[in-house]
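Novice: Heads up: the sequence lines are chains U, C and E, in that order.
In this text, residue positions in the first sequence follow our numbering: the first is 1, and each later residue adds one.
In this text, residue positions in the second sequence follow our numbering: the first is 317, and each later residue adds one.
In this text, residue positions in the third sequence follow our numbering: the first is 578, and each later residue adds one.
Worth flagging that the hints you see were computed from the coordinates, not collected in a lab.
A few of these clues could be false.
Okay, derived cross-link-like pairs now, DSS-like style, lysine-lysine, Cα gap no bigger than 27 Å in a straight line [claimed, not checked]:
1. E/K719 / U/K213
2. C/K572 / U/K225
3. C/K572 / U/K199
4. E/K1051 / U/K213
5. C/K514 / E/K1049
6. C/K462 / U/K213
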Amino acid sequence: MSGVLVIAESRRGELREVSLELISAALGVKDDAGGRLAVAAIGAGAAQHADALGADGVDEVLTVDASTEHFEPHVHGAALETLIEQEQPTLVLLGHTIDSLGFGPAVAARHGLGFASDVTRLAWDEGPVATRGGYGGKVEVELDFPERECVLLMLRAGAFAAAEGSGGAAARAVEVQAEPRTEHLGFRDVETGDVDITKADFLLSIGRGIEDKDALPQFEELADKMGATLSVSRPLVDAGWMPNARQVGQSGKTVKPKVYLALGISGAVQHLAGMQTAETIIAVNTDPEAPIFSVAHYGVVADLFDVADELAEQFE
Amino acid sequence: MKIVVPVKEVAVLDEEFELLEDRPGVDPDAIEWDLNEWDDFSVEEALQLREAGGDGEVVVISVGGEEAEEGLRACLAKGADRAVRIWDDALAAADPLAVARVLAAAVGRESPDLVLCGVQSSDGVHSATGVALAEHLGLPRVAVVKALEHEGGALTVERELEGGLVELLRLRPPALLTIQTGINEPRYATLRAIKQAKEKPLDVVGLGDLGLEAGAVEAAAGSRVRSMSHPDTGEGAEMLNGSPAEVASRIADIVKDKMSG
Amino acid sequence: MARDPKYDILFEPIQLGPKTLKNRFYQVPHCIGAGSEKPGFQAFHRGMKAEGGWGAICTEYCSIHPESDDTHRLSARIWDDDDVRNLAVMCDRLHHFGALAGIELWYGGPHAPCMESRHNPRGPSQIPSDFEVNTHPRYMDKDDILLVEQMYVDAAVRAREAGFDIIYVYGAHSYLPLQFLSPFYNKRTDEYGGSFENRARFWKECLEKVREAVGDDCAIASRFAVDTLYGPSSIEIGEDGVRFVEHVDDLVDLWDLTVGDIAEWGQNAGPSRFFEENHEKPYTGQVKAGDHTNKAVVGVGRITNPDTMVAIIGSGQFDIIGAARPSISDPFLPKKIEEGRPDDIRECIGCNQCISRWEIGGPPMICTQNATAGEEYRRGWHPEKFHPAANGDKGVLVVGAGPAGMECAMVLGKRDMEAVHLVEADPEIGGCVNWISQLGHSDGNENIFRGTARGLGEWKRIVNYRQIQLDKLKNVEVHTGSTLSTNDILEYGAEIVIIATGCHFATDGLNPATHDVIEGADTSLDWQLTPDEVVKGEKQIGKRVLVLENEGYYMGVSIAQKLAGQGHDVNLLTQMGDIANYMEFTLEAPMLHRDLHRLGVGIHPYTMLEKIEPGVCHAYNVWKPDHKESFEVDTVVLCTQRLSNDELYHELRADKDALEREGIEAVYMIGDAAAPRMIPDSIFDGHRLAREIDSPNPAMPLPFIRERRLWGEVTNQDYEAMLQNTPDVEPMVVAAK
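Bound conformation, chain U alone (with noise of 0.2 Å):
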């Protein structure tokens, strides 16, 4: 077995950024998984996304035109059982992502690949090195895959750079058949809420830590005082205090602005994912250890409300 083979994904016709992210990540150990790199397209329409998955270094793009309109999870497991089968690599690569859990770990188990998933680092050592957090990300963990010929790794969206380039793999269609154990009814978006936080140049964004529904009013003063957008982690969403249009995160948006001011964020990875691309990110936190620490550029041991006053002075 030798090469990478790199899933991309896609939803509603468009292409998703971490297929680029997966390519990139491939480049790097191209060379040293045996050096062919091929990339598949699953799904209807996949052919469209041929040329943009072709970026320099791309061997191959491989669409599989499976028998569902939308992302199905037994078919593209199907399909990627399919494509391992004919492609034999050493190395297959899939985002950590909704759709990808659905069969990623599935097709690992069933063939006994080596297998990990959320993997923010990839090196080589005789075969795939991954980084990956433990204990929460608390810990950093490295893993290696002894004895497994194909190692399946699931790589966290946004820890990896975007390839370059475009159109200069060849294309060739795979045919699959798969029978789908679902059936999709329809898609319903996400309530648009009277904001878009992706577009906000600064984030003020409060987590768990501001603990009361009543004082949000205070924090949506102090966003307003500092000329920021008010977004939020995911615990203040599942409590309904606000809309998910807010939220940041895995489940949620994610955001690259200039500013990303956090108050009482842990961190927890799911958070992560959604803004350490961030280009300053400034986080307070009563704990030293918080993971979101980890990716600051700035950080405050303290009581947020006690920062946060003093915010509200700075900026009257």
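With chain U held as given, fit chains C and E onto it using these hints.
Specialist: Same frame as chain U, but now just chains C and E:
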């Protein structure tokens, strides 16, 4: 309806902890154990389905050492009917694929109509065990379910996607779903229920009881931990010290500087 | 856990004359209601702070002679050897725990009414006190001056005998030495009045003489209000303030700096409603900043945050962190920083309940945050130690997570009860504190005098502290968003049930003045509100508002302040002679009055409502009921009285068979649910029940030690028999000489 809910007792690390020197790991004294937050929601969903159906059984299963008994008893206190704990020393460092293989043996024996797993655990955050388990069981699956209805022999679910987008799907049991937080409002157990839970069955089984060889765990494992370290704090977050007033002043300076440029 | 190195600076020793202060945590003199005549209370309260790591702890103001008698208010006294004997108990206990003992030698002059001693105080000029009523001082001639200076010396010698390490010549808050220095008090034309040197002479001579008598053995401290905030008529920091520091700098080993005068000493002991942490910095901070002293400086400002403390020392604002209220709220503040657990610090909320008891004159202190303040000796309570309950195997259900419920569940948890469930109907714990802490704002503008309304947000610390502690207790489960019916409670499976469901405001005008409802009062109508409805903001409030305030504390006036600040026309009525009487005792009244007057609130004392109609309220004067007044209104807010939410308790207790059947052995009720009261009293109630949950009859509080004269032969054992049963507090250390 028979519903199996695999649960996990997760490790919560103290703020200050030491890494072991002879092998990758942390000092066990720095670990506290707690039931995985996602499992509160999957257990609650199972209980609600059983209540809506009028009869049925909810069985919770966990791969874990003695520390897992507290979480299993908590699930029994909330209303689960039966608990099973699986342990063998070989499982000490098991990765999601190994755990899924072992769980499959125990879950398979139950012949469930529905298997509900949490999307992920808060310590490992692999988001893989449930889907791998489904594969071993040969069950259709949906990952990251945020709403669920069981009507007329079919399951209608909402799958939560990035950006808040939601997909509606239908599938037929038996099936496996991984459950996202926020799907329901988990109940809590009264003192009486906690007391009564002590009398409910909690079986402890080993690999042999499940028909698995000792080497099955290693054979199923997907990875090996080769090192563990403190996270790289990047170029280092520059820590700002001082009174809240001083800190706020510095933050204000940074903000004004970055926003003007 | 280990101390965070950034706090190392707070643990560096510093020299005070011949004494070494082991760290920078210093309890400045403050009143507690113990004096020299309750030596157990005095020694054990102060001793608790020494045990908690404070480097130096001082008495309250300590009278040097019967001419300086503050009765009805309670000071310490060092008039004779028996006082020495009693105060020595405090010194011994402080030394046992490794702290220095300080004594604040005080002569009050015209501010001391001498209602017990019936002596006649002396003063620099014969002008009565602006603080006490009708107290004229006797004019001090030269002989009188020497006489009083000798009183300081004699008192200092006795203080050394008792074991004190730090001896103050106390002038701040405008007592005698400052009365000589300040032209507000001193109109003399001899060499003790007029020029700065003359006015400073008395204080300087006292320092010289005291220093000569005891300065080799003890550190000499002086407490000085560097700015009395009266402008040029008294002491200003930029003028006589720094000048005086320089003038006598050689004579002191420690400067203890404050601002303000006794008549409005809330400018110093600033309540959080009006003053932020470290609020005295612009004044007291100038002494070191301008290089006016070569000696150690301690200052205050309700400093509770360890990072602020580090900034204060690091920046050179003070050398030593002074604290009174933060040390009452958490005697173990220094230890918690040292042990690397600053999140366990129980922060002062600046309510000034502690001060209010001294102001009333007589009662022992209390503290909202720390229910053990004042109970260290008489009940043997330790703020950090909770011996396990004998009935720990009983399951406990606490219904309601307000101040009483949170405290009770927390203490039960700390007493190792096996299983405590705290169940709250609201989505968050905290009860009434959650909405009360939103009050205290007006329009955000500054007042004419120092002190701008900034809200009661710090009162939320009541909840923050308990939330953190409850999270840490494995044996306590907290469930929110759950309303329990009588049946739910019966079936819960607890052997002990504690009802802590709080109270509500009367909706029909029932009030303490007439003991009756008010005709037309009905807060179910959308133009009549109770105070909590105002904060919750669900009803519209019209332009013209009438607030009826019968309680006498902060609720009615805070509502008036809030609505006036938002632009409403507000009239505030009370049947009492003044609004918010109790706020005189918490020192919040002057700034509040200024705020209400600035906002144009109509204030109507001695006025009661007899009838409420849509659009108009009919009031009368309580002294002359046929003197009527009508107020045109759009909205009425009734703050007449509160009523307990006690239905659950009575329903449970009514069905004894059900209780027995379900295995419930006891049902208790605490806090506002039993009887509406002030927040510190609710917290105390919950605390007490938990401390005594394993006594034979927990519903009735156990007896406490009353320090009093017992006829016949008396030993300390007679007083301390009770302490046998309270293993948390270390017993009396050394018998007094």
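Novice: Please go over all the hints and tell whether each is borne out by the structure.
Specialist: Going down the list of hints, with the structure as the test:
no.: 1; hint: E/K719 / U/K213; verdict: violated, 67 Å
no.: 2; hint: C/K572 / U/K225; verdict: holds, 12 Å
no.: 3; hint: C/K572 / U/K199; verdict: holds, 19 Å
no.: 4; hint: E/K1051 / U/K213; verdict: holds, 26 Å
no.: 5; hint: C/K514 / E/K1049; verdict: holds, 24 Å
no.: 6; hint: C/K462 / U/K213; verdict: holds, 23 Å
This entry does not satisfy hint 1, going by the numbered hints stated previously; all others are met.
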